[in-house]
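*Asks:* These protein sequences, in sequence, are chains A and B. Per the numbering used here: the first sequence = residues 1 to 292. Per the numbering used here: the second sequence = residues 1 to 325.
Fair warning: there could be bad hints in the mix.
Here are some, though not all, of the chain A residues that point toward chain B, as calculated from beta-carbon distances under 10 Å [as the list claims (entries may be wrong)]:
| no. | residue |
| --- | --- |
| 1 | 9 |
| 2 | 10 |
| 3 | 11 |
| 4 | 14 |
| 5 | 31 |
| 6 | 34 |
| 7 | 72 |
| 8 | 76 |
| 9 | 93 |
| 10 | 116 |
| 11 | 124 |
| 12 | 237 |
| 13 | 270 |
Since the hints were made in silico from the structure, they are not lab data. Glycine included, C-beta positions come from ideal geometry on N, C-alpha and C.
If you want the building blocks of each chain, they are given just below.
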Amino acid sequence: MTAETIIQSLASGLLMGLLYGLIAVGLALIFGLMDVVNFAHGEFLMLAMYVTFFLFTFFAIDPLLSAPLAAAALFVLGAVVYLVIVRFAMRAKANVGMVQIFATFGLAIVMRGLAQLFFTADYRSVPNSWLGGKTVSVAGIFLPQPQLFGALVAIAAFGGLYLFINRTDFGRALEATREDPGAVALVGIDKNRVFALGWGLGAALVGLAGAIMASFFYIYPDVGASFALIAYVTVALGGFGSVFGAFAGGIVVGLVEATTALVLPPSLKSVGIYAVYLLVVFIRPRGLFGSM
Amino acid sequence: MDKSFTERRRRELLVAACLTVAAALVPLFVKNPNVQNIMILTLMFGALSQSWNILSGYCGQISLGHALYFGLGAYTTTLLFTKFGVPPWFGMLAGGAISALIALALGYPCFRLGGHYFAIATIVIAEIGLLLIQNWEWAGAALGIEMPVRGDSWLKFQFARSKLPYFYFALALACVAWFVTWWLEDSKWGYWWRAVKDNPDAAQSLGVVVFDSKMGAAAVSAFLVAVGGSFYAMYVSYIDPGSVMGFQFSLLMALPAVLGGIGTLWGPLLGAAILIPLTELTRSYIGGSGRGVDLIVYGTLIVVIALARPEGLIGLFSRRKGASR
Chain A
1 MTAETIIQSL ASGLLMGLLY GLIAVGLALI FGLMDVVNFA HGEFLMLAMY
51 VTFFLFTFFA IDPLLSAPLA AAALFVLGAV VYLVIVRFAM RAKANVGMVQ
101 IFATFGLAIV MRGLAQLFFT ADYRSVPNSW LGGKTVSVAG IFLPQPQLFG
151 ALVAIAAFGG LYLFINRTDF GRALEATRED PGAVALVGID KNRVFALGWG
201 LGAALVGLAG AIMASFFYIY PDVGASFALI AYVTVALGGF GSVFGAFAGG
251 IVVGLVEATT ALVLPPSLKS VGIYAVYLLV VFIRPRGLFG SM
Chain B
1 MDKSFTERRR RELLVAACLT VAAALVPLFV KNPNVQNIMI LTLMFGALSQ
51 SWNILSGYCG QISLGHALYF GLGAYTTTLL FTKFGVPPWF GMLAGGAISA
101 LIALALGYPC FRLGGHYFAI ATIVIAEIGL LLIQNWEWAG AALGIEMPVR
151 GDSWLKFQFA RSKLPYFYFA LALACVAWFV TWWLEDSKWG YWWRAVKDNP
201 DAAQSLGVVV FDSKMGAAAV SAFLVAVGGS FYAMYVSYID PGSVMGFQFS
251 LLMALPAVLG GIGTLWGPLL GAAILIPLTE LTRSYIGGSG RGVDLIVYGT
301 LIVVIALARP EGLIGLFSRR KGASR
């Protein structure tokens with residue numbers, strides 16, 4: 001193993017890690033806002049990938065351009081899911097935790113079934129997109145362009161999210177609702193509206209990730225499952241509720257995955273991620289940046 | 001101890017005995033193998049969910065990785081039988097013991113974690129187990145492993161022609177899981193677990209050894225689930241890592257208890273009795289097309305029950321509010 005191979009795989013790991021962060025940040029945002037873990041998060045990603053695929057197939061819109069459209073579509077989906085399902089799951093007087101897990105898990109199964117019904121179980125891909133299959137060479141290291149673009153989008157999205165939460169009225173309403181959902185009603189903030197917009201925003205972020213993923217990954221009804229698992233680990237590793245934690249968690253997960261792939265067979269590459277998660281929470285039970 | 005409470009406990013035992021006898025008579029009249037298969041699966045999932053309920057329902061430690069113990073039971077039994085000719089009865093006990101020990105070893109670091117961090121840790125550990133088995137050539141790797149057919153025998157627990165022995169075994173398993181829960185409910189442990197679930201800090205200050213009671217619940221729960229896994233391996237005689245140790249299976253195991261009534265004595269069996277026949281019927285009637293309609297029906301059912309009956313379907317049976325607890 002040469003130094004070059006190591007640097008090469010760490011560089012790819014970093015790019016992939018930023019994408020993992022982008023996939024996970026919506027989950028972290030929603031959790032931070034209202035303590036709900038969305039078990040249909042992977043299916044949101046799957047749907048965004050299909051949206052990108054169909055925009056490409058029927059309207060020849062490149063994933064680069066359709067990313068905002070996928071994000072918009074997912075925004076609507078997220079808000080609707082909150083208003084139709086999650087809002088009622090949170091009203092449960094008993095077992096709120098389990099009710100919301102299984103309400104969103106049921107939704108995930110429905111979405112997978114719908115995808116099979118309407119899109120069939122075939123593996124799809126977006127061939128010949130502008131960036132697909134192309135690489136750039138930076139100081140002798142080859143970086144795949146779709147992942148590089150994805151990483152840049154992820155950084156931009158995190159920057160935008162930071163400004164959004166800290167600099168806008170809605171961002172402040174989001175923070176206030178998360179601090180005390182009861183008290184915000186007194187200052188005229190509609191809790192349900194904030195939550196719905198929070199779900200929309202969280203889903204839009206995973207929509208963005210899905211559009212990028214579609215340009216270099218196969219698209220099929222069950223594609224969300226494996227990424228969802230990585231997203232949960234990313235969020236927990238960073239610390240539940242911390243948006244910055246999801247960003248850092250994603251980078252750690254990407255780098256650990258790449259490092260594991262260097263020493264273990266590829267089929268075992270996730271073992272490294274899982275082991276690092278356990279190691280981190282055994283030392284810091286609230287993840288890297290979780291609040292106590 | 002007030003009289004009505006003792007009476008209720010005795011009545012529960014009586015109801016269980018009647019249900020067992022009634023269930024035992026059913027296959028004498030219902031000979032259709034497909035229906036018998038559904039009954040066997042219902043009893044098995046009832047037993048699994050009842051066992052999961054001990055740790056996650058009574059003690060409040062939500063495990064989303066119980067497929068690990070199910071898979072360990074299934075693999076221990078299958079490997080001991082196919083590689084060394086050890087009868088499945090022994091493999092079942094070995095699988096249960098191994099699972100209980102692993103549950104204790106994992107509980108030691110994991111029970112310090114709270115809420116979601118604990119749940120994610122259970123998922124992650126089960127996934128590590130899954131990946132290791134998928135890459136373990138000797139154990140059949142990702143393709144899985146088949147039980148060789150050696151002819152009908154009680155010693156080897158193989159019956160090619162009749163499903164009845166499997167049915168009665170599954171019934172016995174469900175009875176054992178129910179009875180263990182019933183017995184523990186009114187034991188020192190049962191009260192400790194509910195105290196730990198409601199408020200661990202208060203429980204600790206009242207002298208409940210929180211850590212030990214979580215460990216006890218984990219060991220009992222893992223042992224019973226592993227026995228269920230052994231049974232499943234013998235029943236279907238072919239196992240592969242994805243179907244016995246996958247994340248999906250952990251959720252499927254928890255589902256009957258959640259829909260029936262988590263942390264209740266009858267919830268898991270009630271949930272299984274409704275959910276499993278519905279799942280199997282939708283799968284066989286509309287699932288064959290491979291178009292996902294069965295998934296849509298099944299998923300919708302889960303969402304609707306979860307939203308409409310957050311305390312579980314058992315709530316429909318209790319005369320006054322909270323009587324089921």
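*Asks:* Taking each numbered hint in turn, which are not upheld by the structure, reported in ascending numerical order?
*Replies:* 1, 2, 3, 4, 6, 7, 8 and 11
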